[in-house]
Structures are given as structure tokens and as C-alpha cells.
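S.K.: Here is how the chains run, residue by residue.
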Amino acid sequence: MAPGSKYQEGQGWHFAYSKVVQFFQEVGEMALFSGRFFRTFWQPPFEWREFINQSYNLGNKSIFLVSLTGFIMGLVLDLQSRPTMMEFGAVSWMPSMVGITIVREMGPMVTALICAGKIGSSIGAELGSMRVTEQIDAMEVSGTNPFKFLVVTRVMAATFMLPLLVILGDACSLGGSFLVENLKGNVSFHLYFNQVFEGLEMGDIVPSTIKTFFFGAAIGLVGCYKGYTSKKGTAGVGKASNSAVVVASVLVFVLDFIAVLIADLFYEL
Amino acid sequence: MNALANIPDTTTVLQNGPGSALLEVIEVYKAFGSLKVLDGFSMKLFSGENVAIVGKSGSGKSVLLKCIIGLLPYDSGIIRVLGQDVSQLDQRQLDRLRTEIGFLFQGSALYDSMTVRENLQFPLRRHMDKMQNQVEEELIRETLASVGLEHTIDLWPEELSGGMQRRIALARTLILRPQIILYDEPTTGLDPITSREIIELILDIQKQYGTASLIITHDMQCVRLASDRMVILHEGKNYATGSYGDLKKRNDPIIQAFLETS
Amino acid sequence: MKKENKNAARVGLFVILSVLLFMVGFYLIGNNQNMFGKTFLISTTFHSVNGLKKGNVVRFNGIDVGSISEIDFLNDSTLQVIMRIEKKVKPFIKKDATASIGSEGLVGNMLVNISPGGIAPPVEDGDVIRSYSRVDTEDLLDALGNTNENIAIISKNLLDITAKMNSGQGIIANLLENESMSDDLAGTLRHLHQTVRVLESATQQVNELFIAINKGEGMAGQILKDSQFVPTLVRSSERLDTALIGLNQLVDKTDPILVNLLSTSKKLDDASAHLDTLIQHIDRGEGAVGALLHDDLLRQDLKQTMSNLNEGTKRFSEDMEALKRNIFFRKYFKEQSKKNK
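Residue numbers (my numbering), protein chains in the order written: chain S, 19 to 287; chain P, 11 to 272; chain B, 7 to 347.
Just so you know, the hints here were simulated from the structure itself, not pulled from any lab data. It is possible that some hints are incorrect.
Here are some, though not all, of the chain S residues that point toward chain B, as calculated from beta-carbon distances under 10 Å [claimed, not checked]:
#1 L182
#2 V214
#3 I223
By construction, the Cβ of each residue, glycine as well, lies at the ideal position given by its N, Cα and C atoms.
Use the sequences and the hints to build the structure in full.
M.R.: Structure, rendered in C-alpha cells:
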């Protein structure tokens, strides 16, 4: 489909040039796809039932994975930073430090990356195979706007489920960290969480929650874009899901960077 | 079929009397970049007949079907379905028209995230006003029975064999009682015996519901058994039209090449 | 159908649980910053807030009761700090409570500490309470230096006066020698003389102490030496006391004309009492750190004492001058001068 993809191989700068063109084409197409999403989103009716279904598929089915990774992350974070803090005689600061680290950055980031892997690839593969087996065409023939039915619902589900998953991941991380503190430092549940929330401010929790919505939207949009526009054949499906994960992960980092810049403006950290 | 009494009646063609075409394709051009797929293709489909379109793979047979149902835009020419010019319709009118055209996709295209019942419900619920659950259920069962797979109602597509999937897909297109059914390679990927069953089913449906069919295939057995007429699509044009027997008699090397592939 | 409903229910459960979790966190953080619940505002002013920030903790008697809601410039040298305090502690913060800036720990956040007031009525919403900044060591040392200078001047005055008396210069010296009651007065003045000397040496010690502090030999370490300094001050004040008692007795014996003298001596008495309480303060302060904590009060007391002492001695010399010119004494003074001829 893309004319730029027919580059002449091994022709030095020609090759590089076509790669650059390809990159811009990809970015442009993704932007158009996002635009189409926003346009279609406002057209009634909204596919509530499918939205709920996808929320279940993308959200509930990720609960275990996110909880587990979150828990281990908290555990490891605490175990790793504890000796250093001990050197400074600042072990009592562990809860606030871990709390800030998790709520501000680690929780959203790790959860988003896990979800970029899980949600992004599953959307990419599902829509990709639907495209390849003409299920998307079948839907259109059946009087359904497949973009609305498949893309809008999935993007919305990812947008709304990711923040919830991040909250869950944060909670599990703090749980993991608490376990270490409790076992190693005899810190009580009450004291631990008291200290965690003492270290946190609205300026920590609000921007990091807002940015997770964007993470979710990005993961959903990239997954849908890759799947929806995937090429024919089973290789196309694999490529769709693979590049969905890669692009979504990179986008999460980019968005995180932008989020930090914006939060910086408002809160001056 | 009381349940279907509320299907919007967009059909004006039938009232024009016999002999008028349900489907007219006139001088249609379609190109992907520099690759001309349809190069002034014309044909007609009349009420109650089965027409097979034969061509090499990649010759644009599937493209033709997708143009007819409005999935792909074409560059120039006219495609008129039930008297309506497909390219002039807005989304709503197109959706209405599509209730009159069934489309059997090449790989069945059953929604694999849904059970058989949900697969059949999907077009019903999308195209129709909400009907009572009981009526809906009856309609689904009846349609499933007409393809002989009533017992699969609660199964998932992945649990069915290829032939069964094809039948369910056919049931899904039949459930709206279309006037025209477009078959995209109905027998590919199936063993000869199952192919035979599908062909018989196509004929059955034609008899039972009086639908006209446009069958795209390169399976000569299918052409011979299922079609009243065949069209040879060659280099984007309607190369020859006629019944299997008529064309067999012609001494054209291209036609002979097609007919001998079976 | 059933499957879908079940899924919907699961999604709902997950959504509700997560949102609840979020709200609990949000509430806990908000609670920390007193965003919810009933609060009221009071303010205070500082010259410098030493890095205090919006949202920092406000403590009352060491308990977290609120947070800083605003820091603004009132003018070029004064900052207004508005504090949001929980309503439930309102009755315990009096109008004469004092706010000071401190820090949570060695390297912790800055915070405002409110020390409880005395008998004043409780604060109202929007009240401005007093503040003192004990964090500014330079200011503190400046003020103490001033006090120190004052002490030096006063003691010099006292020394001058008593020296004159001692050497028999002037009429008072003669008076003391000739009259029967003069014995008492002479004794008193001797005591005064001694007192002044002790006071002088004490002043010297204070001086040395502050020089040491200024040199930066470590405030805490130097002030710990006050175990020597304090008893000396105590002793000197005791002597000043006995001297004044003697002076009192003397005045009682003399004519009521000496009322002026009495009031002067009372003032001196007051001054010494101040000195006494001051020293007790230092004593009670349990060494250096305690003394430092109280140093604002200490400084004020010291200043007061010294100005009182100054005033007292000034009055004392004035009274003596008046005595000389008094009608009843004039004759006596004249006789004395004749005899001397």
C-alpha cells in the first residue's frame, strides 16, 4: 500500500531516505487514524455492550498480571534501595521514598509497559486476524461500522482500564514494599501507609493519574491501528501484533516525558 | 416469516417485471495504482438465476464483489443493485441495500469471539429493529436448520470444521433473507465431498428462497453444478458469457484453458 | 447473554474497587494537606521563611495540625504566612501563641511550630499571631551584643559613682563619715562597690563568651561553660540584693524626703530581680541547648534588666544630687565645708 516501501535495497542514502519517508508515512497514517477515531467517537450510537466486553477482555483479564508484576516491583524496589538508605541512616524514609517512586513513575510506567505488551499485542493480533479473515468486511456488510464497533470500543476500553490497572499496580507495589519493610524493619501497616501518604502530595498523584489515561489511549490506538491496517496473510498478523507492542512501548515513554514536562510547568515539582 | 415483515422494502426492481436485472455492472474500471484490475467490465444478474464468474486468481473477481457491495470504491462505470447506483448511496442507504445482499466470505469470516448464535444475531440486531427474544431465537434456529446445523447453536467457530463454518456463514447471510447472495469462492479449502455438499446447499437455497446468486470461483465442478450461466473474467473484461455447456462447445483457447483446469 | 452479564458485573466490580482504592489514596493525601474536613486560617509574619513552602506541615505542641496554604510578600522585608489549621485544635491555640520556623529533622522539610499562648482567649479565623525566628543566629548574636554593650556602660557608670564615693570626693562621702547612720550607708555602698565589681567581671565573662561564639568556636560547647558563668551571676545578684536591702534600711531610717531614693532603689531591686529570673531561666534551661531555645525571652529579659539597671543608677546619682541641695541637708553640708576650712 505504501509507495515508499518499494525502496531499492542497499542503495546507501536512497535506502535511508526511503526509511525516513516510511517513518513519516507511518506517523502520518497513525495521526489520521487517531483523527478518524475522534471523529467516529462522536457519532452515535456508542457500542456500550462491546465496550463493556472489551473492558473485561483488556482490563479484568490483565488484573492478575498487573498485580503480580506490581507486587514484585514493590518488593524488589524496596529490597534494592533499603541497603543504600540504611547507609545514610534513613531507613525510616523508605515508605515515603518508595511511595513517591511508585506513584509518580514506576507504577504508571511498568503497568503501561506490561499493558503495552499484553493489551497492545492482543488488540493488534485480534484485529489483524479479523482483517485477514475478512471479519471486518463481514461486519461492515452486516450494517455495522467496524471502526466504531472494533476500534472505538477497544481504544475507549484501554483508555479507561489502564488508569484502573495502574491504581491496582500501585497498590500491589506498595503492598510488596510493605511486606519487606514489615519483615525487615518491623514497620506496622498503619505506620507504613501513614508515612507513604505523608510523603505524597496532590502534585504526585494527579498528574500521574492523568497521564495513565493517555498511556491507555496510546496503547489502544496503536494496537488498533496496527491490527486494523494489517496486511493480508498470517505474517501480517504477527507483524501487526509485534509492531503494536514496540510502537506502543515507545509511545508510552514519549508520553511520559511529555507528561513530566507538563507536570513540571504546573507544579514546579 | 412474520418476523421479517418489517424488513425495509427497498426493492423496486421486482415490480419492474421479469427480465429486468437485479444487478447490473456496466463498464466498471478499477485500478490499484498502475495495476488495472477491472477494465471496463460489464455483466447482468437476473432474478432467480445463479451466475458463476470464473477467472484466474488475482484477476479481480473478489474486487468485483467488494465493489458491488460497496466495500471498495470503483474508479468509473456504474454498478446498479436493485435499481440503486451503489456509488451514489450514503451510509444509511448502503446499509439498507446490504440487507438485500448476502455475502459469503472466502474464509467464512465467522466472528471468532462469538458463538454461533451470536454470529447469527449480529446481522439481525444490526440491521433490524429490536425483535422479541423468542422470535429472534426461532429465526436463528430455523435458519440454522436450513443449513442442517441446528445443534451447533452454542458452539464456538473454532470448534467447527471448515465445511460447517462455511454453512454457518451461509446461514448468517441467509438470516436476513437477501434477494441476492454473493459467494466469494464458496468451495475453497474444502475437500471434494464437502464442496459437493456446499454446492447442493447453494442450489437448495436458490430453490427454497428464490434468491439470485453470483458465485466467484475457479472450481469448475462448482461452476458446472451450481450455475445457470457463467462469465469469464479475463484481463479485467467480460471475456465470454454463456452456460457451461455453451462455452464448452466454443473453440476459443482461453475459454478452453479455463474449463480444462478443473 | 449470561456470559456477557457476568463479564459486565466483573468489569463493574473491578472499576468500583479501583476507583475506591484511588479515592482512599486521594483522601489520605488530601487529609495530609487538610484539603477535606473543617479548617480555619490564621497567619503570621516572618522576615525570612528559610525555605518554607506551600504545603509544609504546621505543628502545634509537636502535633501535626495543619499546613501552609500561602506565603506572600507583605512588603520588602516581611512575609505573610497563612496557615490552614484543623478546627478541632482551635480552642487550644490562644491569641498570644507564637509561631516559629523549624525543620522536621536534620535535612527534613521546613515546618512552622506554634507554641501555645498563655491566658489570652483562643484564636479566631483570620487572626494574626506573633512570630519569632530563632533560626537566625546572626540576628540573635547581634541583639546579645547590644545587651552586652549596655551592661558594660551601666557597670562603668556604677563604677564611676562608687569610686567617687569611696575616695571621699564630694559631700556624700563626708556625710557618711560624720553621721551615725552613715555607717549603714557606707556599708551599703561598699557592698554596692563589690557588687559592681562582680557585675563587671560577670560582664567580662559574658563578653568573652560572645567573643568565643562570634569566633565560631561552637555555640553549644561554649555556652556549656556557663556552669561557671551562671553561679557567678547568681552570686553577684545576691550581693546586689543584700546591698539593696541595706540601702532600703538606710532609707527607712532617713527622713521621708528620701522617698525618691527609695523608689530608685526599688527600681534597682526590680532590676536585680529581673537579673535573678534571667539567671534562673538560664539555669532551668538545662545547659546550652535549653538556653538557646529560650533565648528570645532571655534576650528580652536581659535587655529590660539592663535598661532598668541603667535607669536605676542614673536616678540614684540624680537623687544624691538632689539630696545635696535639699533644704534640710544644705545646712549640714555647709557646716561640713566650713569645718574642712
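S.K.: Now tell me, hint by hint, if it's right for this structure.
M.R.: Structure-based check of each hint:
1. L182: holds (4 Å)
2. V214: Interface hint status for V214/S: holds (8 Å vs cutoff 10 Å).
3. I223: holds (6 Å)
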